[in-house]
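Protein chains: 2
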Amino acid sequence: MKGVTHMFKTKYDYLLKKVNDVLSTLITEKESPENTIYKAMNYSLMAGGKRLRPVLLLAVSEMLEIDFEEVMPYACALEMIHTYSLIHDDLPAMDNDDYRRGMLTNHKVFGEATAILAGDALLNYAYEYILDWLMDESKKKTYSLAAGVKAMSYIAKAAGINGMIGGQIVDIESEDKEITVELLEYIHKHKTGALIKASVMVPAILTSLDDEKRNALERYSSNIGLAFQVKDDILDAEGDFKLLGKTTGKDASSGKSTFVSMYGIEKSREILSELISDAVDSLQLFGDKAIFLKELAVYIAERKN
Amino acid sequence: MKGVTHMFKTKYDYLLKKVNDVLSTLITEKESPENTIYKAMNYSLMAGGKRLRPVLLLAVSEMLEIDFEEVMPYACALEMIHTYSLIHDDLPAMDNDDYRRGMLTNHKVFGEATAILAGDALLNYAYEYILDWLMDESKKKTYSLAAGVKAMSYIAKAAGINGMIGGQIVDIESEDKEITVELLEYIHKHKTGALIKASVMVPAILTSLDDEKRNALERYSSNIGLAFQVKDDILDAEGDFKLLGKTTGKDASSGKSTFVSMYGIEKSREILSELISDAVDSLQLFGDKAIFLKELAVYIAERKN
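One line per chain: the protein sequences are A and B, in this order. Mapping of the first sequence onto the working numbering: residues 1 to 305, in sequence order. Mapping of the second sequence onto the working numbering: residues 1001 to 1305, in sequence order.
Mixed in with the good hints, there may be bad ones.
To be verified - What follows is a list of derived Cβ distance ranges for each label pair:
1) A:K289 to B:L1285: 40 to 50 Å
2) B:V1181 to A:E218: 49 to 59 Å
3) B:D1067 to A:N305: 32 to 42 Å
4) B:E1069 to A:D136: 38 to 48 Å
5) A:D136 to B:D1211: 19 to 29 Å
6) A:G48 to B:D1211: 22 to 32 Å
7) A:N305 to B:D1278: 52 to 62 Å
Stated by the list, open to error - Heads up, simulated DSS-like pairs for lysine-lysine below, C-alpha to C-alpha not over 25 Å straight-line:
8) A:K108 to B:K1150
9) A:K157 to B:K1139
10) B:K1150 to A:K141
11) A:K157 to B:K1177
12) B:K1157 to A:K141
13) B:K1011 to A:K256
14) B:K1141 to A:K157
15) B:K1157 to A:K140
16) A:K108 to B:K1177
17) A:K139 to B:K1150
18) A:K150 to B:K1139
19) A:K39 to B:K1108
20) B:K1140 to A:K150
21) B:K1256 to A:K157
22) A:K157 to B:K1039
23) A:K177 to B:K1039
24) B:K1157 to A:K139
25) A:K39 to B:K1141
Said to hold, decoys possible - Among chain A residues calculated to face chain B with C-beta under 10 Å, some are:
26) Y125
27) Y127
28) T258
No lab work stands behind these hints: they were computed from the structure. All C-beta atoms in this analysis are idealised placements derived from N, C-alpha and C, irrespective of residue type, glycine included.
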């Protein structure tokens, strides 16, 4: 990772391991008739990946001094929702992708019907899991039930028709069409940005953060959410299957509008750089505590996959 | 409706209208880029149907003396979850149905990609909607936030891998295979029964009902949930497209095991009759207040579609 420090990398891997340790125990295969659904859910959930959303959530939690164990269900729920959206996105009727994170996509392994259900099941389980957690009085929670419900609601909106799904539907409708820059930004902000923003905002809601700090985190998360997708567009245009683990150059060949197709690669890199600068600036009032989150913004721009 | 009174029919239609009045206002089309998703969601949500789940929920609420307006979000959420499951079930990769309730299925009208997203969106919106309701302090709620969360959790479990989706996956895996009676019951109880049971149990949770009454409602709901599916199997075997609004005789031609294929039609009718008797018996301790719910059990067995 060019541009990020060794300390950043160590910390990222530490947070990623924290998340993976919990995710791997969530959906346990058991000797029951519904065995297959557990296998299909775990296949995609444990297929690796950067875990950007839960890592972000944990990093913000640490900065706001709320324990990991108190926020972990939200972190895992966000990853489950992200994973379900990938499973459904990869389906033949959607993007028709055979590979994801270097592995066969869910429907290539389990068949389309099971992949549809595994996606549904991961979305539903995200909510089941948070609800179980909120009701479990034996679990440590320094926030109120009302705050816990509010954070859950934020995630639900980010995942829904005015969030991720809203972006997906416009994305589908825009294929092979000339679209405006505004619409492309709408797609990116909703399809990818909404869940990334939720990852940052959930700890802010749980800790009832003051308006100034909350606004700063909103600005940070909006910037990195859009930056993530601009970088994805750049990676797809110049990409390498081995590094990305998925077919590249797909956007251009499928007639999909991207930042690169609209602005060219140089201008896209400039936009990316501005977004990252603004993300880093927005965290000034958190001082030294924000070092990891600032480096995370840089990492988003520098990543190779 | 043979076997049910005129008074029952009037009441059923009254409750059905109450539900439809709210459902029709939930997902409003607006002039926005994501217009299509609203249209696709509403197309299936407002395609008619018996509204059995929300009607049940309202009827139990009335018996337990909790106002309709306090439980309506749960009633609507159950119908949204039921509708999403039908949209996904009808997809080419699943049951590949062209008609539902006498209308073209969602993917036949909007295409597969949009139908997948419309299903996802309805599932997600069910939770968004309850969460909004729970957080809105201006709405009348005689139950605590904790009870509201508990009821929501019951629905989430009923919809998930140990509920409806658990039944669907076993159903898919069992096609063209010899299965046991136990497995067939497992499929029916989970695929259809779980949400029907939740419709009955949500008002019991919200009113913190005592164990004896709660057990009675559990017995009632388990019976009618299974009865509903046995009746579906009978209707499919002897059915008529005009009345059902969907292709009939499909189970036999697709090699699907049903109560009729396992027991024959006469024995299936006997089983159905026993389930209904037990459902009616289970409500004795509610006295006259349970008249509508008892007739509802009879209606499930007598219905023509």
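Subject >> Pair hint A:K39 and B:K1108, alpha-carbon separation not exceeding 25 Å >> reply: violated (31 Å)
Original post:
Taken at face value, is the distance from the CA of B:K1177 to the CA of A:K157 at most 25 Å?
Top reply: violated (41 Å)
Original post:
Regarding A:K289 and B:L1285, is the given constraint of 40 to 50 Å on their beta-carbon distance met?
Top reply: With a Cβ separation near 60 Å, A:K289 and B:L1285 fall outside 40 to 50 Å, so the hint is violated.
Original post:
That 19 to 29 Å hint for A:D136 and B:D1211 (C-beta), does it hold up?
Top reply: With a Cβ separation near 21 Å, A:D136 and B:D1211 satisfy 19 to 29 Å, so the hint holds.
Subject >> Holds or violated: A:K108 to B:K1177, with C-alpha atoms at most 25 Å apart >> reply: Distance of about 22 Å is within 25 Å: holds.
**OP:** Could you say whether the range 32 to 42 Å given as a hint is met by the Cβ separation of B:D1067 and A:N305?
**Re:** violated (54 Å)
Subject >> Distance restraint between B:K1140 and A:K150, which requires alpha-carbon spacing of 25 Å or less >> reply: Roughly 18 Å between the alpha carbons, so the hint for B:K1140 and A:K150 holds.
Original post:
Quick one, are A:K108 and B:K1150 close enough, alpha carbons at most 25 Å?
Top reply: violated (37 Å)
**OP:** Assess, step by step, whether the Cα of A:K39 is no farther than 25 Å from the Cα of B:K1141, and give holds or violated.
**Re:** violated (40 Å)
Original post:
For the pair supplied as a hint, B:K1157 and A:K141, is the alpha-carbon distance within the 25 Å limit?
Top reply: Given pair B:K1157, A:K141 holds - Cα atoms ~22 Å apart, limit 25 Å.
Original post:
Does A:K139 pair with B:K1150 here, judged by a C-alpha cut-off of 25 Å?
Top reply: holds (16 Å)
Original post:
Is it true that the CA of B:K1011 sits at most 25 Å from the CA of A:K256?
Top reply: Roughly 53 Å between the alpha carbons, so the hint for B:K1011 and A:K256 is violated.
The structure is inconsistent with the numbered hints 1, 3, 4, 6, 8, 11, 13, 19, 21, 25 and 28, although it conforms to all the rest.
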